[in-house]
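Engineer: Chain by chain, the residues:
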Amino acid sequence: MSIETFVQQLDELAQSAASTFAAAADAAELDAARVEFLGAKKGKLKALQKNMGSVPGESRKEAGMKLNAVKQAIQAAFEEAQGRLGGGDGTDARDPEFDPTLPGTARRIGKLHPITQTINELKDIMGRLGFTPAEGPEVEDDQHNFEALNIPRSHPARDPLDNFYLSVAQSQAESALSSDNPLLMRSQTSTVQIRVMENSQPPIRIVSLGRVYRPDSADWSHYPMFHQIEGLMVDKNVTLADLKTVLKLFASNYLGDEVPIRIRPSFFPFTEPSVEADYYWNGKWVEFGGAGVVDPNVLRSVGYDPDEVSGFAFGLGIERLCMIRHQITDIRYLFTNDVRFLRQF
Amino acid sequence: MEPPANASGYHFNKPTTTFHFENPMIVSWNWLKEYVDLNMTHDDLVDRLTMSGLNHEGTEAVADDQAIDLEVTSNRVDCLGHIGVAREIAVLYETPLKIPAAEIKTNSQAVADSVAVTIDSPEHCFRYTARLIKGVKIGPSPQWLQDHLTAIGIGVVNNVVDVTNYVMMECGQPLHAFDYSKVADGKIVVRAAKQDEEFVAIDHKTYKLDDNMCVITDGNGPVAIAGVMGGADSEVSDSTTDVLLEAAYFDQLSVRKTARKLKLFSPSSFRFERNIDSQNLDWASRRACELIQQLAGGEICEGLIDAGQQPTTPADVTLRYGQLERLLGIAIPVDFSKQCLESLGCVITSSDDASVTVTPPSWRKDLTREVDLIEEVGRVYGFDKIPDDVNVPMAASHRPDSDRMLDRVRTAMTTCGYDESVTASLVPQAWSDAFTPWSQEAPMTTSQPMQGVLEEYSKNIGSVNLLRRSLVPSLIEVRRINEYRNNHDASLFETATVYLTKGENIIPDQPVKMACVSGDDYYSVKGAIEMVVASINPAARLSVAACEFDLLDASKSGELKLDGTTLGWIGEVSQTAGKKFGLRSRATVAEIDLAVLQQAMVGIPLHQQLSAFPAISRDFNFVVKNEVSWADLESTVQAAAGDLLESVEYRETFRKEENDGKGMKRVLLSVVLRSSTATLTSEQAESVSGAIVSACESKLAAKLLG
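One line per chain: the protein sequences are F and V, in this order. Under our numbering, think of the first position of the first sequence as 433, with each following residue one higher. Under our numbering, think of the first position of the second sequence as 19, with each following residue one higher.
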């Protein structure tokens, strides 16, 4: 018998067996079919196996592999039918040893930090509103952290005690300030605005997120390192009304429901007018973040003409949003990294 | 729940520091009524004030009065007095503002005959005025004055001191009253303090001054720290009869620095720090004299000692009406705009259809540009009238590749059972020095340490004032904390920046790294890193080279390379290092450079046609010397197997010294062969197997077990 014939017979047998098993209406029929095809003495497969001896020697190995494969396929088809009819022993009796209430096989999946989860959510929302994430360095210079943001030397925010100024030699850390443009850990993500505007032209629509640093002693509501999100939009004819609209969409998106928002006057050196935004939630106004129309001095500092373009910026504290969202009562929990805490989110 | 104080947006007007810096402005309802009619309800008033820039923090009932707590932003020093707040109310409700005339009757004695003032440090003190009241009778203040001060939380002392406080809280100008008889020679000299000069303040504590501070001195020495606190010796007491009244204008930065350095914060320093109105000095001085005379009697000497610079008139500012709509998004009637600016105290110098030019009032130093006037008109008109449903044009945004890469890294790590941590970017010296694989340059130091970020156990480890050069030490500490809390299965990772110094005043390199820590062994952690790499680029080849770090176990560690480039380091923490960190059990750490991963990332994988033909698998059990590494075996097999090789997989290693001899091991591996063009014949498979065996025999002295 040629190898081709042998293979063909095997394929036909496999098909025939599969359809017979599939057609079996009950366990008795299935058992009869099993004897017909897989019977150890008179089964059809056994019969066909005897033909292998007549296959030419050089094809014997291939024939053997094919026979094996078909045998496995028929066996699988039988088991499938058996499963369909409910048990191979022909009865529907339950296995008294099987306990379906035992816990499933444990698989531990780690959790993203709640801060990361909050950041991802905010990035998603801002992305839908057309804001692309932008990044900037955490170690900044005075120029980007203060000067370009219209924060004069006399402003309290520049007090050395309110900032982490930097130097290489430990002994000089205190005198780092004597430099014209000392380095410091950025105290706000607004620095990223400046870097983006320095390197591109309007229209600009970015959102920057990241760590910021202020030397507050850690307590339940303070930590010397925290995270901010900041949005910036600059184009021709961007107004405070655009800001209010975007903030409303942002807040409604974040809270999952349309919420009223309000803006009220405030003061930030890099915006004018400056506002605080609140959203109305559970019967009261909740502080959302600071915002405003980009100050013309900021636009000028990056080479834009404030009579040509205008923009708005807003900044929000991530920890605050995260803590309210998850009802976390102490900011230090976020940075202790006890896995029992982290695994809750 | 109260939201965290420093975690909100950009709060520069409320700097939160280790010092108590916040000093809310509390106004009394009854007191306000002296300057403006209050025909509205309390709730309506505080709502309007909130919506126009004086955020209402709360109100407390005090006797028959109400103490209203308002948040005043740092640009609005004019609202740090009742008149300023009353002016806001007058503008909002379009009612008249009544300001006392502060007219005084003086005697014929010239003040200049009794008092001389010299300013020796004009950089600290811009202007210093003085008046003299003789023959006062010190006693308690009348009830109305006591009530006003008590309502806003200011302690009552005596009629003269109370008046100085009253006038400060009325107009925002701090005043100081000296007992004239204690001012030696009637001579006031404003000068820089001497280094280490000592001064006994009104609180009877001794303060050590430095030469950056400013003091008011008499013929003998300091009688006050300028703008911050008066002295015990010259304070007004029951025996005082003659009062020297100071109304001065000190440099805001000088006062702020002095107050912070001495930790002396007062309503006075708070106001000077915000740059008071020099133009108002004379009014405040007259007003105080008027009240002192009224309450304590005495005679006011004729004239005013006035040293230093005269106040300048603010520069004119022009508002183009069209700019209102351009920036605010709504049109505001011209009449409204003009009237609003006038009622705020601006004087119109010229005006036409398109614009108005005004001279801002001296108390509004924040009004110097057109945009400042736009804000004024806008906020008084009402930001609530600005729509929140305008058509903002659509714009495409995209996710940066770095975000996509970070997502994959985080997903792979969490899938492997690692929880994400976030740790402080600053570390103490001991951690900073513990592991510096990326750079040998010294770390950058901060001007002050982070306070309160160390757990109890690590509290005495040292100042947290160095920018970290690796995330690993911070993660070992996180592992220690969890171990200590019996979270033995804690495996954690973090993605964050490290800071690699490039030189003094040069912004350091700030690459982003991913580091992880686990109580599991080397291979488990390596498996997680392999998962990360596979999720970035399944074809990238991760290899390990020897490395040497005190932190890491001498054997169970290595440098990770991705297609030959250094990706990072991995290793179990050495026993010595583990002890230093306070670990009780094994910990394995790894740190990799995400820039290298980013470089290798396959952003959009392309479909590879699957082979339609069956695979053949072959197992090999080689006996080799211990020194033969898996990497040697793998690469030898790969080279020998050629194109038909689909994969080579490590199965296991075991040792059977009695059969194989000392220093030998058995390595079992599986090879899968497949062709994309045809079913492999057994001859092909045997030929590849043969090639594998002979290559391993010749190159690695391997012996195949039957």
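Certain hints may be false.
No more than 20 Å apart at the CA atoms, straight line, and that leaves these computed lysine to aspartate or glutamate pairs for EDC-like [stated by the list, open to error]: (1) F:K716 to V:D62; (2) V:K544 to V:E667; (3) F:K555 to V:D421; (4) F:K482 to F:D458; (5) F:K493 to V:D637.
Derived by calculation from the structure, the hints in this document are not laboratory data. In this text, all values refer to a predicted model and were calculated from it rather than measured experimentally.
Engineer: Does K482 (chain F) pair with D458 (chain F) here, judged by a C-alpha cut-off of 20 Å?
Structural biologist: violated (31 Å)
Engineer: Tell me if the straight-line CA distance from K544 (chain V) to E667 (chain V) falls inside 20 Å.
Structural biologist: holds (16 Å)
Engineer: Quick one, are K716 (chain F) and D62 (chain V) close enough, alpha carbons at most 20 Å?
Structural biologist: holds (16 Å)
Engineer: For K555 (chain F) and D421 (chain V), compute the direct alpha-carbon distance and say whether it is at most 20 Å.
Structural biologist: With Cα atoms ~10 Å apart, K555 (chain F) and D421 (chain V) stay inside 20 Å; holds.
Engineer: For the pair supplied as a hint, K493 (chain F) and D637 (chain V), confirm whether the alpha-carbon distance does not exceed 20 Å.
Structural biologist: Measuring from Cα to Cα gives roughly 19 Å; hence the hint holds.
Going through the hint list in order, the structure does not satisfy hint 4, though it satisfies all others.
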